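For this one, chain A is given, so just place chain B on it according to the hints.
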Amino acid sequence: ILNVEQSPQSLHVQEGDSTNFTCSFPSSNFYALHWYRWETAKSPEALFVMTLNGDEKKKGRISATLNTKEGYSYLYIKGSQPEDSATYLCAPTSGDTGKLIFGQGTTLQVKP
Amino acid sequence: ETGVTQSPTHLIKTRGQQVTLRCSSQSGHNTVSWYQQALGQGPQFIFQYYREEENGRGNFPPRFSGLQFPNYSSELNVNALELDDSALYLCASSLSPGDSTDTQYFGPGTRLTVL
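So the protein lines, in turn, are chains A and B.
The C-terminal residue of the first sequence carries number 116 in the numbering used here, and the numbering is unbroken.
The C-terminal residue of the second sequence carries number 425 in the numbering used here, and the numbering is unbroken.
Chain A extracted, bound-state conformation:
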């Protein structure tokens, strides 16, 4: 059973601050890592799918890196805005399947 840990559990920042979160997962039998952003009362929104060690993906002010050898991924948000307030979930897949194994998420609150 994959054990996926995200830290911190929650984060409060001021508008304009840059922030980052960590997702840790077992490095063995790695296939892919998915990042989702989930605003309250909405559907989880796919941000990135990452597969290669050293991969870096970017979407606007949000970027992510992947280290498959040591089993972690970082998500960065540059210049946080109130609309970035959401829960950010990471999910490696269980082997080469479509089964996502989610962490508990990091909840970000950005104060104006």
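These are calculated hints, taken from the structure and not from any lab test.
Treat the hints with caution; some may be incorrect.
[To be verified] Computed footprint of chain B on chain A; a stretch qualifies when at least three of its residues, placed anywhere within it, have a C-beta under 8 angstroms from a C-beta of chain B:
(1) 24-38
(2) 61-68
(3) 101-108
[As the list claims (entries may be wrong)] So the derived label-pair ranges between C-beta atoms look like this:
(4) A:THR69 / B:THR319: 28 to 38 angstroms
(5) B:ARG361 / A:GLU74: 35 to 45 angstroms
(6) B:THR315 / A:LYS82: 31 to 41 angstroms
[As the list claims (entries may be wrong)] Here are some chain B residues the structure puts well away from chain A; computed CB gaps all over 12 angstroms:
(7) GLN327
(8) PHE374
(9) GLU385
(10) ASN387
(11) ASP394
In this text the structure is predicted, and so the values were computed from the model without any measurement.
In this text, a Cβ means the ideal position worked out from N, Cα and C, and glycines have one as well.
Structure of chain B alone, referenced to chain A:
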């Protein structure tokens, strides 16, 4: 928006009852996965359906069952409800059943409360 819809939004049942939750996938997506999110946890995989057949199951008992229909809709059925079944149930549609890189598009979920 993802194009994936779920109904109902909220549901209250009593222990021992049966419940059916519904999901409408994105057009063209022949794979649907169901997840349960209990309070304070990340979503947990229940099972996946591909072309109307179960294609993988998580650690959930047989009283959790599903159906998938040719019109991109699907159902999650839970029999003999227990208090611990209170959770948010999410469905997610995708193109390929066994592709670890395929993006899953989630619905907004159904909040089930069991009293």
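Hint-by-hint comparison with the structure:
1. 24-38: holds (count 3)
2. 61-68: Our answer is that it is violated, as 0 residues pass the Cβ test (under 8 angstroms) against chain B, missing three.
3. 101-108: holds (count 8)
4. A:THR69 / B:THR319: 28 to 38 angstroms: holds, 36 angstroms
5. B:ARG361 / A:GLU74: 35 to 45 angstroms: Because 38 angstroms falls inside the window, the suggested range holds.
6. B:THR315 / A:LYS82: 31 to 41 angstroms: holds, 33 angstroms
7. GLN327: holds, 26 angstroms
8. PHE374: Non-interface label stands for B:PHE374: nearest chain A Cβ at 15 angstroms, farther than 12 angstroms.
9. GLU385: holds, 19 angstroms
10. ASN387: holds, 20 angstroms
11. ASP394: holds, 18 angstroms
In summary, the one numbered hint that this structure violates is 2.
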